[in-house]
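K.L.:
Spelled out, the chains give:
2 protein chains.
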Amino acid sequence: MTKTGAPATARRLLPDAPLLLAARGERPNRQPVWFMRQAGRSLPEYRKLRADQPMLRACMTPELVCEITLQPVRRHGVDAAILFSDIMVPLHAAGVGLDIVPGTGPVVERPVRSASEIMALPVLEPDAVEPVAAAVRLLVAELGQTPLIGFAGAPFTLASYLVEGGPSRHHEHTKALMHAEPDLWHALLGRLAELTLTFLKVQAAAGVDALQLFDSWAGALSQREYRQFVFPHSARVLAGLAGTGVPRIHFGVGTGELLGAMAHAGADVVGVDWRIPLDVAAQRVRAAREHGPIVLQGNLDPAALLAGWPAVEREVLRVIAEGSAADAHVLNLGHGVLPETDPDMLTRIVELVHSR
Amino acid sequence: MTKTGAPATARRLLPDAPLLLAARGERPNRQPVWFMRQAGRSLPEYRKLRADQPMLRACMTPELVCEITLQPVRRHGVDAAILFSDIMVPLHAAGVGLDIVPGTGPVVERPVRSASEIMALPVLEPDAVEPVAAAVRLLVAELGQTPLIGFAGAPFTLASYLVEGGPSRHHEHTKALMHAEPDLWHALLGRLAELTLTFLKVQAAAGVDALQLFDSWAGALSQREYRQFVFPHSARVLAGLAGTGVPRIHFGVGTGELLGAMAHAGADVVGVDWRIPLDVAAQRVRAAREHGPIVLQGNLDPAALLAGWPAVEREVLRVIAEGSAADAHVLNLGHGVLPETDPDMLTRIVELVHSR
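Residue numbers (our numbering), protein chains in the order written: chain A, 1 to 356; chain B, 1001 to 1356.
Errors might be hidden in some of the hints.
Residues from chain A that keep clear of chain B, each with C-beta distances beyond 12 Å, as calculated [claimed, not checked]:
1) A115
2) R286
3) E340
Derived CB-CB ranges, DEER-like [as the list claims (entries may be wrong)]:
4) E26(A) - T1244(B): 55 to 61 Å
5) A321(A) - A1187(B): 28 to 34 Å
6) L1049(B) - R314(A): 48 to 54 Å
7) S1114(B) - D183(A): 55 to 61 Å
8) S1114(B) - A321(A): 29 to 35 Å
I should point out that these hints are in silico values taken from the structure, not numbers from a laboratory.
Using N, Cα and C, we set each Cβ at its ideal position, and we do this for glycine too.
In isolation and in its complexed conformation, chain A is listed as follows:
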């Protein structure tokens, strides 16, 4: 029995899973493809299930998480399932008052800015995210040979939601705290790194096959700020997962200038948005890395998926060609699936990638 009271799950062996081979820098016999936010908004079967379920309640209901996570695997035949969750789940589970407001995003009841507010942040006990672990166990039993990717928000992105009190365009209170009170900032990020690591370890123990650390907002920072104020905490999370044996994917939006630093933080796979081509991304990661294969994930522009198939096909082929500069390439979007995306477009992309 593990600490969470659940039976320890021996990780499945998936020796032929293209995603896991690619994550180790090998060239699988077909290129792996999945889509960030594939489980969710763009699928009518998802919208139906979620109709009367608030987001956080849905994320804490194992059967619902399992079904929503499976929907895009069934529909599109993608090479990975991504756990249906929200980056605010571990904060919610730890007891921070917050809600996911439709059309707005996460809203925190009381922004966290002062020393006393930071010191009062609750610690995440593994038991508090037992419903997520239960969902992982259900999924592992259902998924057959398809790997399951777990995920969490990175310390900086969680900090921005906590400090601003919600989504922010300029992250001004977050950056003000960072520059005005660096010690307090590092105390906050240290606590969030701990919470993130606990959450990801629970997912690993429950049986996920890979983990993605999302630093959605890191692209708002200069490289100097990233290295000084964010990198040590993200690196600690990624290093803390080394013992789990599952590949670690690290992704942020608009992080072209930060790829070297992010690659250095200990990720096996570096996610890239659409702003720079993958061959340029491969150069940047290679320049920053002392050893190990260069594995990239990305980087179709989700907005381009609304342009109709001929344009989408052109973009997919371009991304595949540019991605060949890496040792291995997991085809994905450069950000989450947009809600208005035609799901058939996703299915056709998977067919195209697999047909090659």
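Chain A is fixed; fit chain B onto it per the hints.
P.N.:
Showing chain B alone in chain A's frame:
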């Protein structure tokens, strides 16, 4: 008499104005400093004046534009006035139904997406922006030795507002149009380039001393998209201003990857946001330019201005040091002044820059 019915204004001679010397790549005896959005939101005297005035009406009232534009010059002693206006003004003046909604931004009555909607876009007649020309003439008479910067939104940014119908995080309909119907896209941007050029020429004829072309959203694009779909139209606007004799500043947010292309578009001064240091920006512009001095504008993070004076002072000194890699450097923010900024912080920055 000019085409707009106003007396032709002989441009003032401001041989010692630091901004204009710097724009030509010379080193003035003091470093010029001004702030994007200095005329507006952060000033109590501005909020008082605007209390009962909708934005677009304010922008079309010459005496009000003059007073609002002068406020930060009086208060901070900056080295340039920036015309109080809005990037939607020329579209509004041409007859496109739109409003500036407080807390939201520009909202267009009917999004422009189809061929017929694009072909029906009205042309801007110079007379329609005569109130802006009148404001410029008032300002030129009031400003003494302080140069006045006119401005307009670049074709891509205007297109995004028109196609999306308002502010957009993902620019998905804009990008879909670009990729799905490139001919239509270029027809739209051609019309917007014409409108922007007309508007800027009116400002130049009325007597502004410099012009800034804002491509606020260009950072949402890859360099490939920028070069193919945006660059030709921005370059046409900038080239069309060459005959006016006023320096041209070109700026966008998150455009580190695009600086080479933007420098190539014909700007005398390249604006840079805070994401890359100015010495790196200088390298990128230098690599892209065949001749001419490297003049940069920027790049304090507006969010960092909320961190208190010791942090702000540190940041200003760092930016000045990094900016010395350019032939000349106009100190500014890397985006507009945030509404919650303490105006005294701006005054102290000007004092610090001028004390050196």
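K.L.:
When the hints from earlier in the document are held up against this structure, which numbers fail?
P.N.:
Number 3 only.
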